[in-house]
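A.B. asks: Sequence:
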Amino acid sequence: MNKWTIATLAIIAAASTGASPADASIFTYRQSNGAVLTINTETRAGSLIGRDINTRFTSDDFANFTGGRNPEGAFDLDSLTGYRVVNGRRFFDNDSHQQRLIIGADGRTNLWSYWGNGPRYGDYVTTIASYTPPAPTGSSGGTGSSGGGTGSSGGGGTPTDVPAPAMLALFAMGAGAIALRRRRKTAAV
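Quick note on this note's numbering: the sequence shown kicks off at 12 and runs consecutively.
It should be emphasised that the hints constitute simulated quantities derived from the structure, not laboratory data. A portion of the hints provided could be inaccurate.
Computed Cβ-Cβ distance ranges for the label pairs, DEER-style [said to hold, decoys possible]:
1. 85 with 144: 16 to 24 angstroms
2. 127 with 85: 21 to 29 angstroms
3. 80 with 53: 19 to 27 angstroms
4. 75 with 96: 26 to 34 angstroms
5. 106 with 136: 17 to 25 angstroms
6. 19 with 65: 52 to 60 angstroms
7. 65 with 22: 47 to 55 angstroms
8. 74 with 116: 18 to 26 angstroms
9. 67 with 97: 17 to 25 angstroms
10. 67 with 23: 37 to 45 angstroms
11. 47 with 14: 48 to 56 angstroms
Using N, Cα and C, we set each Cβ at its ideal position, and we do this for glycine too.
Please model the entire structure based on the sequences and the hints provided.
C.D. replies: Dropping the structure here:
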């Protein structure tokens, strides 16, 4: 193979690797009222849990959620279970209409549902206060110390897997480089 062929194959491998989707991520958002919104793009599930709400939901739309510090989107929920608390009483979701999770560009989060039989209460609205990005690849997350020191000892986080297509491409490029090296060495002898 000449240099142009090798360079072309390397560019094709890099482009296909870059186009491969990464593994799922779990995005976590603390709301202004202390509730925590979590969205998992792999399981297509989420939750909104706090002092006055405890819900879990699923949506196929979560597969396309890109997350980030300033998320935005409207997601039709396939299922919604749980309750919210109003004036000390629990009210469960009323599935008499299409429930949605709406995240506005301004961070306004709206769990669009009716609550209670009747229904008695409407949407649960709050605002994103802070964002916790997914754990980096190979990270164990968390902090800690041992023996009174100040060093980190890990723990507590959920590592994110390395995308399989990227690892496969790296392995293939390494194997190809070894094969070319052996070929040149044999030709030189």
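A.B. asks: Under the constraints set out in the numbered hints, which ones does this structure not fulfil?
C.D. replies: none
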